[in-house]
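> Chain by chain, the residues:
There are 2 protein chains.
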Amino acid sequence: MDKPATHYSVLFVPSGKRVSVEKNRTVLEAAEAVGVELNSLCGGDGICGKCKVLIKSGCVESEPSQFLKPEEIRAGYVLACKARVVGDLEVETQPTVESGDEQILVSDTVPPGAAMFTRGGDVVGIEMAPPLEPGEGGGEGRQASPRSGKVTATPPPSPLSAVPLAARLQKGPLTTKLFLKLPPPTLEDTLSDLDRIYREIARSGDVPIMQTGLANIKNLAGFLRGADWQVTATLGKRGGTVELVLLEKGDTSRSNYGLAVDIGTTTIVVQLVDLNSGKTVGTKASTNKQAKYGDDVISRIIFASERSGLDTLRGIVVDTVNRLVSYLVTESGVRLGDITAVVCAGNTTMLHLLLAIDPTFLRKEPYIAVANSVPVIRAAEAGIRINPRGLLLCLPGVSSYVGGDISAGVVASGMSRSPELCMLMDVGTNGEIVLGNQEWLVSCSASAGPCFEGSGISAGMRASTGAIQQVQIVGSVGGSVMGDFDPHPNPLPEGEGASFRVVFTTVHAGKPRGICGSGMIDVISEFLRVGVIDRAGRMDADFPSKRMRRQESGEPEFVLAWGPETEYGKDITVTQSDVANILRAKAALFAGARVLARKMGLTCEAVHKFYIAGGFGNYIDIEKAVRIGMIPDIDRAKIRFIGNSSLAGARLALVSSEALDEAYKVADRMTYIELSADNTFHEEFTAALFLPHTDSTLFPSVSKQA
Amino acid sequence: MDKPATHYSVLFVPSGKRVSVEKNRTVLEAAEAVGVELNSLCGGDGICGKCKVLIKSGCVESEPSQFLKPEEIRAGYVLACKARVVGDLEVETQPTVESGDEQILVSDTVPPGAAMFTRGGDVVGIEMAPPLEPGEGGGEGRQASPRSGKVTATPPPSPLSAVPLAARLQKGPLTTKLFLKLPPPTLEDTLSDLDRIYREIARSGDVPIMQTGLANIKNLAGFLRGADWQVTATLGKRGGTVELVLLEKGDTSRSNYGLAVDIGTTTIVVQLVDLNSGKTVGTKASTNKQAKYGDDVISRIIFASERSGLDTLRGIVVDTVNRLVSYLVTESGVRLGDITAVVCAGNTTMLHLLLAIDPTFLRKEPYIAVANSVPVIRAAEAGIRINPRGLLLCLPGVSSYVGGDISAGVVASGMSRSPELCMLMDVGTNGEIVLGNQEWLVSCSASAGPCFEGSGISAGMRASTGAIQQVQIVGSVGGSVMGDFDPHPNPLPEGEGASFRVVFTTVHAGKPRGICGSGMIDVISEFLRVGVIDRAGRMDADFPSKRMRRQESGEPEFVLAWGPETEYGKDITVTQSDVANILRAKAALFAGARVLARKMGLTCEAVHKFYIAGGFGNYIDIEKAVRIGMIPDIDRAKIRFIGNSSLAGARLALVSSEALDEAYKVADRMTYIELSADNTFHEEFTAALFLPHTDSTLFPSVSKQA
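Sequence order for the protein chains is G and Y.
For the first sequence, this note's numbering assigns the number 20 to the initial residue and increments by one for each residue that follows.
For the second sequence, this note's numbering assigns the number 20 to the initial residue and increments by one for each residue that follows.
Among the clues, some could well be false.
[What the hints assert, rightly or not] As a list, the in silico PhoX-like pairs of lysine-lysine whose alpha-carbon atoms are at most 20 Å apart:
#, chain 1, residue 1, chain 2, residue 2
1, G, K237, Y, K237
2, G, K298, G, K311
3, G, K298, G, K268
4, Y, K36, Y, K71
5, G, K383, Y, K237
6, G, K75, G, K36
[As the list claims (entries may be wrong)] Label-pair restraints from in silico Cβ distances:
#, chain 1, residue 1, chain 2, residue 2, range
7, G, R244, Y, G313, 50 to 56 Å
8, Y, K308, G, V32, 51 to 57 Å
9, Y, E80, G, R244, 30 to 36 Å
Keep in mind that the hints were calculated from the coordinates and are not lab data.
Every residue gets a Cβ at the ideal spot worked out from N, C-alpha and C, and that includes glycine.
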């Protein structure tokens, strides 16, 4: 007969809900029992520190936690998940966490070329496309479509658990879970606890060098017996060896998640991925708040070299990643403790700052990174809050100015496995360009500036809600009617006739708040076409429209959206300086591409596939990008916008060890060419400060149209 | 022209010495300049915490240190090595550290069979013997002689630096230092700092999987430039990979040391080894102070299973090892920071306690270890104070009762590579027996009790100064005159005639303090020979000598040494219980050996080499060990005493990766036989409780002599 358990009453304020619970239940369990929502991200593991509550009266038994400050402890705060009820209680809860952040639009379209990677069974990297025919492996699969970070309803791939362990370790995700039913020891089978686990793992498949940390061993005896010999092992790939990362009671093999993280100079994006299915659960993005210490990497490096600057910048990026992870787990209901791996892509400076590696010499000639490839560490070592034993892998870079984000992009584009000549142009705060194929790869970095990411432009913004992303000027000078263009209602201002209209779309059809990268390309192209600017980018201050006016300083500007229709009630304009900035950016990109091709004795026009990547938003008008001379004038069918290829590459490397291995190979064999050491670059740059180019023979199709 | 530096006056009390030093010199440097001796073990790295001084007046600039308690900081204590002089000072120093501990005699004779191991160039394990002929590799080298832990004056082996890196990693010590002159980066050679180091290492030889910790990377940029690109890399073998353990400025490759540690239930021994020469610098031993929580492993496991018991026992063993290391570095002048590796051998329980691994289930049927092989960790993780990045490797064991100490012993004996049948009997607190050859190995553990280590015997002690180690009874009953026996002056007591004398030698010729293991074997053998005891071990209370008497309890005892001549002024006696204890111990050992042989369808008499190991002291009289029936009655030339084979094996594994690999192979292929599950063991044990044995046909040579 069971002894009756003592029960206590727990009252939650301000909700006023009351519940009677057994002695030694946690406050979190009490809250859950009565439907009081607490900010628990980790599901009660004590690792997120979010479920803080105030014990207003009564007694709890609680464990110490790093998440409580001394003054909070004195005031009576506890973590609800670690506080056991040992008397009647009154508990004050806090408002639940906000899940809103700047909702930056993240597209990362993995082109068919990337579909070569498998994760043990299924082909990955083409979440939206059906698997390729077996045997063929690569080539032209179906075109992948852009994604907005939601789980799509495509047929589920075969579960990872059906894939043999050896194949999983060779081709599967960075971490994989394996449920083990261990035979209990007997006098005839006296293998040690640890070897018993190893033996059972080995029965599932051949594992190369196997290791584990002492932390997993110390209390293994009680753990295994308490779990009745049924445990789930998380195996992770780490520095050429396989690590027994984590042991959990029972069968948790269905819940294994990872994060793909893109740390850009201007934007940070985190994607939550189900490692069993390879599917994306959600994506969140934020501006990189380091920007207050400088827009570009150079000013951040200078700040980091100052006293405690490095710690400050490191703290900012880690906090941002943790915040985005919070939103993701809150929305999806995934337990923080079920996230066991992070793959991070970023430029070399960002990765130095993330890991608190001194970046000082990145900016001093001869521009040397401390490390382009860093060891796999525990995410907790970097301060990233997932399972405390989860792994963090930073994708390897090539040089101080071609980082892991570019290796990721090359993998995502598939160009490193292509027999044909490909070019990748990744437009971020810097613009990196890669040229090559399965035989060779060269890269360079052009200081394009962050204008396509929304910085340095008066009305610039990231591709988040309300960003003007497509622009067309209709009328007077004559232009084609836009096809599937569903423009934002942009009523005619007083005096503007139907013969001259500016129509545009915004991200998420929000009220206009600014202009994102794709909008800027359209703006320049349309300005040129209708005569707002000439081929040198000079604005025609006498352009016959009320939209053209002068600022108080005398600088000409063009009104894209009138104040009453915008989110903030102010006109959204493009100024002469904005145009000049965009021209410099596109000129740097094009000049970089030209120099890179010439170094190899080739021309840009020889490329068979041209990939353009970056945070432009969901769309980029390829035709217009060519017309302004940002992209070489080649057959448009050869040009493909692949969105955030750094994020896509990180995700591929997270779910497919084949893709991860490819990233290391790419970083290893890619040659870096320093543009500042090339005496033709400046000349090329100057020549490209024209629309499309001073040498019109480089843009025959544009000349023909004009 | 140099700017003149400001100087300050530093007065040391109580010495009264005064010195003028430049601003920002450390107090330690000031002390060294004027010859004031401080307790610095680490040579100024701030990692030993020994150079604590009190600033009585004046100001220093000091770094925080874990070695100073808050109250000490308030009182004005600083670490002399981390306190910079910024004004006139009065400094109070402390008495220098005592280097005395119980000076336990440690012999570890590696027999010629072990000479198969090389460390890249030289043959190791036979420090006292010349290298073998190349090509032959093994076989019968010259007999190694016992050592007392001092560096001997044998010709130095070729320096490790002359050995190619690949060979060093394959066959050399656990850690090896490599001086690197890195070419500074240029615009043409923009390799990252870390890859620059890897490249230079790779130029020295092919290194397999290479990894390093983030700690080495974070400040690498400033470090390399501050070192003018000339650094010494310490490479360590770790879990199948090679780790860049440590980087130091300049060329420190001549100073690389390791520790071989034997953690026994009763005794802990630490040996300091020069990893470049393979030579032993010094050896220190101490009793295992865990003994106050129980003499045997079972009582320690019970204590460890209690609240905080595990932490207590862990703390004791770690403190003891650290204390012994302190003595070694103080005596030798080796810097603590130059010790980069530890290889530890011990029984399974001791290794669980060292690493704070829960040992509870070692003593519960079916007697399961948590791990017989644990990963290589940093010594600092276990609390062992050497270079903070130095490695700790614990040799792998076979089962809960045949640990890494036995794997070490098998390696040291060379039996695992012998074509002929060998037996190893390791007499410690338990007695472990191994039988086998290069084809197979079986082992068992017999609860012999710690009497040969000096516990459980009324006058028992370890083989330290004053321990009676050889005993002969001369006269009356008749006995041969001892040959090279230089007995301790043991004057005749009143009334004892020249016709009956007890002569003995003591360790270090000290005044008698007790009896060690080898002395006990002699005592029993001599008692039997002259009739003090009969073949059942019963004392003849009427034996015609004043030395034979009864205790107050009525128990007979025999006086070995008279009070006035002993260290403590008390008679040293052997009681009836002592004899019975020794009989039980030798019976357990012999019975274990018999059962093990019979399990394999063999007899003990079939062994070609019989190795006896243990802390008996420098000597063990093989003939007498056979006569009391502890060792099988085989050709004496086949029997060899090899001292502390656990320590010897640990040292071999430390200096030779070949030996280390062999230890893993031995642990892997050795089969464990549980004696308690064998129904013949008890019978064998009972039969062996006789001198030499109830079955006299087993000891034909003894019967013949008698």
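> So, for every hint listed, does it hold in this structure?
Evaluation of the provided hints:
1. G:K237 with Y:K237: 29 Å, violated
2. G:K298 with G:K311: Judged against 20 Å, a Cα distance of about 35 Å means the pair is violated.
3. G:K298 with G:K268: Outside the cut-off at roughly 25 Å; violated.
4. Y:K36 with Y:K71: 18 Å, holds
5. G:K383 with Y:K237: This hinted pair holds, its Cα atoms lying about 18 Å apart.
6. G:K75 with G:K36: Holds - the C-alpha atoms of G:K36 and G:K75 are around 15 Å apart, at most 20 Å.
7. G:R244 with Y:G313: 50 to 56 Å: Violated: the Cβ-Cβ distance is about 24 Å, outside 50 to 56 Å.
8. Y:K308 with G:V32: 51 to 57 Å: Taking Cβ atoms as reference, Y:K308 and G:V32 lie about 55 Å apart, which means the hint holds.
9. Y:E80 with G:R244: 30 to 36 Å: 54 Å, violated
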